[in-house]
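Participant: These are the residues of each chain, in order.
Number of protein chains: 2
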Amino acid sequence: MGTGSVVALSGGIGGVKLALGFQGICAPGALTVVVNTGDDFEHLGLAISPDVDTTLYTLAGLANPQLGWGRDGETWNFMAELERLGGESWFRLGDKDLAVHVERTRRLAKGEPLSEIIGDFARRLGLAARVLPMSNDPVRTIVETAAGTLSFQHYFVRERCEPAVATIRFEGAPDARATPAALQALERQDLAAIVICPSNPYLSVDPILAIPGWRSALQSSGAPVIAVSPLIGGEAVKGPTAKIMRELKLEVSPLTVARHYAGIIGGFVLDEADAALASRLDVPVHVAPTLMRTRADKERLAREVLDFASALHGRSIRPHGGSGRGES
Amino acid sequence: MGTGSVVALSGGIGGVKLALGFQGICAPGALTVVVNTGDDFEHLGLAISPDVDTTLYTLAGLANPQLGWGRDGETWNFMAELERLGGESWFRLGDKDLAVHVERTRRLAKGEPLSEIIGDFARRLGLAARVLPMSNDPVRTIVETAAGTLSFQHYFVRERCEPAVATIRFEGAPDARATPAALQALERQDLAAIVICPSNPYLSVDPILAIPGWRSALQSSGAPVIAVSPLIGGEAVKGPTAKIMRELKLEVSPLTVARHYAGIIGGFVLDEADAALASRLDVPVHVAPTLMRTRADKERLAREVLDFASALHGRSIRPHGGSGRGES
Chain P
1 MGTGSVVALS GGIGGVKLAL GFQGICAPGA LTVVVNTGDD FEHLGLAISP
51 DVDTTLYTLA GLANPQLGWG RDGETWNFMA ELERLGGESW FRLGDKDLAV
101 HVERTRRLAK GEPLSEIIGD FARRLGLAAR VLPMSNDPVR TIVETAAGTL
151 SFQHYFVRER CEPAVATIRF EGAPDARATP AALQALERQD LAAIVICPSN
201 PYLSVDPILA IPGWRSALQS SGAPVIAVSP LIGGEAVKGP TAKIMRELKL
251 EVSPLTVARH YAGIIGGFVL DEADAALASR LDVPVHVAPT LMRTRADKER
301 LAREVLDFAS ALHGRSIRPH GGSGRGES
Chain Y
1 MGTGSVVALS GGIGGVKLAL GFQGICAPGA LTVVVNTGDD FEHLGLAISP
51 DVDTTLYTLA GLANPQLGWG RDGETWNFMA ELERLGGESW FRLGDKDLAV
101 HVERTRRLAK GEPLSEIIGD FARRLGLAAR VLPMSNDPVR TIVETAAGTL
151 SFQHYFVRER CEPAVATIRF EGAPDARATP AALQALERQD LAAIVICPSN
201 PYLSVDPILA IPGWRSALQS SGAPVIAVSP LIGGEAVKGP TAKIMRELKL
251 EVSPLTVARH YAGIIGGFVL DEADAALASR LDVPVHVAPT LMRTRADKER
301 LAREVLDFAS ALHGRSIRPH GGSGRGES
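Protein sequences, first through last, are from chains P and Y.
Counting from 1, position 42 in the first sequence corresponds to residue 42 in the working numbering; the numbering is continuous, with no gaps.
Counting from 1, position 96 in the second sequence corresponds to residue 96 in the working numbering; the numbering is continuous, with no gaps.
So that you can see chain P by itself, here it is in the shape it has in the complex (with noise of 0.2 Å):
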């Protein structure tokens, strides 16, 4: 298909909508798709990875149209016996998605490290991209509340986001190291873009930049970075990244968006409705319809972004260490 590859950071269900865009354009193996595993979390003695689930089941083909997480066509026996005897049941794990934790957890026992299982899950699945976490070591999200302080299943899952956000910190994440293998994408000759997804800058995208290895590498890179607007005329299409925005005393507006990003992306994709805030953004600006409802949408918008990769690339490659400003 002649588009060169791509690297996409993302974090669940909104980012994971372009990553299947992306999937639609790419050439076999062009894409790698490098998620947040700071929701990651042990429950039930199991290794829980929603963000990498909910990719692979998404580009798979397997989601659960409804839910926006899990699998689809799932039974729910396990859960209702669980309760009967007195289990945890406020984190749903349906019968089918059973088996990604499971088999995740006994392999993750015998040492072996997350990337390569969940390659082998990709693989297995019949998925035509890579998809990778962001690291083979813990990092967890924490956020600190009105509440008190939440693990992130715990904040968004169990409290349904409800108490305002405070801060919030990802444990281990300064000591963690970038996957190998999605440092190794970055590094490909045909590399087009390094996409920043529309998921949630910061539940989802920044235990990523916490992790000083991807943020040196997204900076050193050559090929450019671009981020594509979470927020459509001042909402979220769908979790809590506004409501966030307004707890955290930000002004819900891609432009914070764009300034968090800062220092790491060469360009910025805003939605059409919010195409009169192109000249107040410092980095170069593409504006398109970022809501993606069909496949046809997100395949039209992986197109775009690429294209858009392709102006930047053409016009002014940044150098290695450069900010990345200054060329609008």
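Check before you lean on any hint, since a few could be wrong.
Where chains are identical, the list cannot tell them apart; a pair therefore holds if satisfied intra-copy or between any two copies.
What the hints assert, rightly or not - Lysine to any residue pairs mimicking SDA-like chemistry, simulated, CA-CA at most 20 Å apart:
(1) LYS249 <-> ASP175
(2) LYS110 <-> GLY87
(3) LYS238 <-> TRP76
(4) LYS243 <-> SER151
(5) LYS110 <-> ARG160
(6) LYS110 <-> GLU88
(7) LYS238 <-> GLN66
The hints are simulated quantities; they were obtained by calculation from the structure and are not laboratory data.
Keep in mind the model is a prediction, meaning the values are calculated, not measured.
Position chain Y relative to chain P; hints supplied.
Facilitator: Frame of chain P, contents of chain Y only:
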């Protein structure tokens, strides 16, 4: 119901039928079922206790009537997905069944004794009986066969009992302690009988008897110890008992089983088909129909065992430390 209390020693499906009969005729809390855990193993990172679970499911009315193991109305979505991911599939784990394995594994990892976990499961499943593992310490049944050394489930499930058995041993048994709560059931003033259910003597009952604390507790109990023959007319109702006896060069006869329990039992229940053997046993014998198809069959046999125990009890309480022989 005035039957007094009963302690039943049992393996899986064969013995549990009689335990179900006892549960039907005993007052709530009067029946304690002590279950073989030599079959236990770790599989897919989960702690699996096949005989304990068969006991729980059967006594709760939740057992799969077709399979002889596992849950009623079971679904297999986990297993299908696990196979897709390349996981091991020779040991079938149903979606409902998984709940006990995941929750048991989680609680064991927290340091809870197996007996507390199983006792809690039994209460939550609404059982009138108490169900306890023979030990909280690991005991593992190992089968030396013509095809090499096999752990129990590899022999029983994966190899379908096909390799000829040379010897059977119980790793960990010499150092294992009998479950304290189960030993307490033997101390009850109203204890009417200790019953060795018609389970496989070599695979299901011997692991219990291989624990020094059980052997001595049975030998010193004031209540009659009665074994019910697992053989009818030279064949086992279900399972590999007769096959294993042939492979171990033993005569396939209830006489062999009764002799196997010598020093422990004070009475033996023979099937009607084997009534002619009664005079050749050197313990008191009761002849009864031992085939248990219906619930009524099970409760009738349970009543006959208790009546037999009562008669023995009235005739001669076995002295503490006595051999249990010489009473017929």
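Participant: None of the hints should be skipped; say for each whether it holds.
Facilitator: A quick look at each hint next to the structure:
When the C-alpha separation of LYS249 and ASP175 is checked against a cutoff of 20 Å, the pair qualifies neither within a copy, at 29 Å, nor between copies, at 63 Å. In the homo-oligomer, the alpha carbons of LYS110 and GLY87 lie at most 20 Å apart only across protomers (14 Å), although the nearest pairing inside one protomer, at 26 Å, exceeds that limit. In this assembly of identical chains, the alpha carbons of LYS238 and TRP76 never lie at most 20 Å apart, being 25 Å within a copy and 33 Å across copies at closest. For the identical chains of this complex, LYS243 and SER151 are intra-copy neighbours only, at 18 Å inside a copy versus 55 Å across copies, given an alpha-carbon limit of 20 Å.
Taking identical chains as interchangeable, the C-alpha atoms of LYS110 and ARG160 are never at most 20 Å apart, the minima being 34 Å within one chain and 27 Å between chains. Within a single copy, LYS110 and GLU88 get their C-alpha atoms only as close as 26 Å, which misses the 20 Å cut-off; across copies the closest is 15 Å, which meets it. Taking the closest pair of Cα atoms, LYS238 and GLN66 come within 20 Å of each other only inside a single copy of the chain (13 Å); across copies the shortest separation is 47 Å, beyond that limit.
The structure fails to meet hints 1, 3 and 5 from the earlier list, while all remaining hints are met.
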